[in-house]
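Participant: Use these hints to put chain Z onto chain V, whose structure you have.
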Amino acid sequence: MTPEALRVAIAEDSAILRDGLVQLLVDRGFVITGAVGEPAALRSSVAQNPPDVAVIDIRMPPTFTDEGLRLALELRAKHEGLGILLFSQYIETRYAADLLADDAAGIGYLLKDRVADVSDFVEALERVAIGGTALDPEVVTQLIGATRRSDTLSVLTPREREVLALMAEGRSNGAIAQALVISEGAVEKHVANIFTKLDLPVSDQDHRRVLAVLRFLES
Amino acid sequence: MTLVTEDGEAPAHPEDEPKHKTVSLGVTDEQVIKVKELARRVLREPFTRRPWSELAFWMVSGVLAAVSLVIVAATMIAGIWLIITFVGLIIIALSLRIARGIGRFQRGLAHNFLGETVEEPNPFVRRPGFFGWLQSALRDRVAWRSVAYLALKLPWTLLGLYVAFSLWWDAFVGLLNPIFWHGDGNSGPMWGLLQNIFLPNRITGGDASFGHTFGLFVLGLLAFFAAPWVMRGFVTVDRLLIRTLLGPDPVAARVRSLEQARTTTVDASAATLRRIERDLHDGTQAQLVALAMRLGMAKEKLDDTDHVDLERVRELVDEAHRGAKEAITELRDIARGIHPPALDIGLEGALATLASRSAVPSELNFDVRDRPTAAIEAIAYFCVAELLANVAQHAHASRVSVSCAQSGSWLRLVVRDDGHGGAHLSTVGSSASGLAGLTERVHAVDGRLDLVSPPGGPTVVTVDLPLSA
Chain V
0 MTPEALRVAI
10 AEDSAILRDG
20 LVQLLVDRGF
30 VITGAVGEPA
40 ALRSSVAQNP
50 PDVAVIDIRM
60 PPTFTDEGLR
70 LALELRAKHE
80 GLGILLFSQY
90 IETRYAADLL
100 ADDAAGIGYL
110 LKDRVADVSD
120 FVEALERVAI
130 GGTALDPEVV
140 TQLIGATRRS
150 DTLSVLTPRE
160 REVLALMAEG
170 RSNGAIAQAL
180 VISEGAVEKH
190 VANIFTKLDL
200 PVSDQDHRRV
210 LAVLRFLES
Chain Z
0 MTLVTEDGEA
10 PAHPEDEPKH
20 KTVSLGVTDE
30 QVIKVKELAR
40 RVLREPFTRR
50 PWSELAFWMV
60 SGVLAAVSLV
70 IVAATMIAGI
80 WLIITFVGLI
90 IIALSLRIAR
100 GIGRFQRGLA
110 HNFLGETVEE
120 PNPFVRRPGF
130 FGWLQSALRD
140 RVAWRSVAYL
150 ALKLPWTLLG
160 LYVAFSLWWD
170 AFVGLLNPIF
180 WHGDGNSGPM
190 WGLLQNIFLP
200 NRITGGDASF
210 GHTFGLFVLG
220 LLAFFAAPWV
230 MRGFVTVDRL
240 LIRTLLGPDP
250 VAARVRSLEQ
260 ARTTTVDASA
270 ATLRRIERDL
280 HDGTQAQLVA
290 LAMRLGMAKE
300 KLDDTDHVDL
310 ERVRELVDEA
320 HRGAKEAITE
330 LRDIARGIHP
340 PALDIGLEGA
350 LATLASRSAV
360 PSELNFDVRD
370 RPTAAIEAIA
380 YFCVAELLAN
390 VAQHAHASRV
400 SVSCAQSGSW
410 LRLVVRDDGH
420 GGAHLSTVGS
430 SASGLAGLTE
440 RVHAVDGRLD
450 LVSPPGGPTV
460 VTVDLPLSA
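Keeping their order, the protein sequence lines are chains V and Z. Letter 46 of the first sequence, counting from 1, is numbered 45 in numbering that gives the first Met the number 0, and no numbers are missing. Letter 331 of the second sequence, counting from 1, is numbered 330 in numbering that gives the first Met the number 0, and no numbers are missing.
It is worth saying that the hints were derived from the structure and are not from the lab.
Partial list, computed: chain V residues near chain Z (C-beta under 7 angstroms): (1) Ile15; (2) Gly19; (3) Lys111; (4) Val114; (5) Asp116; (6) Val117.
C-beta atoms are modelled at their ideal positions from N, C-alpha and C, and glycine is treated no differently.
Just chain V, same shape as in the assembly (with noise of 0.2 angstroms):
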């Protein structure tokens, strides 16, 4: 846990959803900038109390379709550096596509299921919130199904796309070897062999990551 609370504002239209979310983070830590069931509400919250990171429900009132999608992308216009968390019943990867269009630093997208197992969401939340990036498995998974024609990736051996996939998800190198069962020491290699095979720029590495990542998800 860091040192200093983070701050989360909470915006879910299911009351018992949202409630449950409130408890969880509180006994977890977390300062609770704001809980709300709408949109418009968030807005005000966030401008009013700045969290580190906003959890957004993408179906929400007044249409019920992708308005916490939209808010999102409104929010992180306005304000610079606020992590989101996208939280949803389903998985769409057009949703995804959207959202991670120009950089996938600070975004995480979640299946609500996840909450089930409260250490991993809250490491994905912290994540999201210090920049990072926190994606569904089931969206990696989604991800990689669509692009599979395209031949960006064609030039990964499996395991190089396994660790790139990994990666997609915001895991660090340790968590991947722990994931995949291999040393920290050959997931470097892996990943040191995707970036000269993506063609990446030697440069901060974290950044290179993000890169990996967003060139995973446009290919």
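Facilitator: Same frame as chain V, but now just chain Z:
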């Protein structure tokens, strides 16, 4: 003053007898009034606008019908001649397109001259591509009906022109005859129908006597007052032709209404699916996610080896338990919304269940001999469920009665409450699941829903459904 006679009875007054009995030749006042009325009408008719516009219509539409029948017949015959070369088909198609236009024009004439408003037939639906056009044009029932109209109209018009128009001519010649009687044996042309019948040339031939002229004048007068009615007879038949052949095709109208009903049904079922999805999404799914979250939190608390906060874990498990029970209830409600299990035991049992669950005390009368089809039973069930819910929510009623009775091949549901009334179709159910939604469902099976709800009550909703649909 009343004098009492010897035998104590009031004297009889002959004046007290009803007068009309004795008035003229056994005809009652009413009959006299009727005859006068008729005579007035006959005498006035030639001076009203109507017979003249009918005459104008007859001439204009007659000329037009002659010209258009010539065009249509000529192109048709040419088309049939050339049919072997395929160009024939195109010519016939073009001819039909023209016929449709002529039909529209004739309808317009009837509207302008006769005030006969005939509904527009179905518009021409053109399929894509040249062959699509050809096929649609050749199969255009409206156009074929226009052709039939023209074919019937022309002989009728000619007959009308001869009979009715010549009556007008008789009137014209006869009435003007005294003025133009020069006494030179040439009293004007003898073209009229009546003259030919009553004053054939061989009898009157060239005779310009006073008797002859006077005879002509009387005949002209007769013709003048008879002509409007004869003309009207011809026009009435033409109106009938226009209505049946140039109006909407009854078969097509039925098809259109069925298409509308089908669209409503499809929309309604899409709306139902969407509502179920929404219910699942907002209710059960959210409930289950919250439940899993609480259990996840409880699990983590138990894993905390240093200090297990049993109190908190118990709270979380309690909440999860409550959530699970709520999710089960919600799921049951949603399932019941899709297909009420109560219907499996029949409509009567299902309605009895609904009535017993009603928040407002209710009674049910059920008198149905033949079992309706499953779809009708479901609609009847949802109607009663929705109406009872409305009564509970809006009516402030103390009693509600539900009756479900069969009359012939129809099922009639009546829900009556003693509440404060003032319900409207638009206000009672604004959402798709409300009364408006019910009305749509009922219309989709050709049923009816009537709402009578005067301010102060009572509110009576009557739903008629066919037994099978």
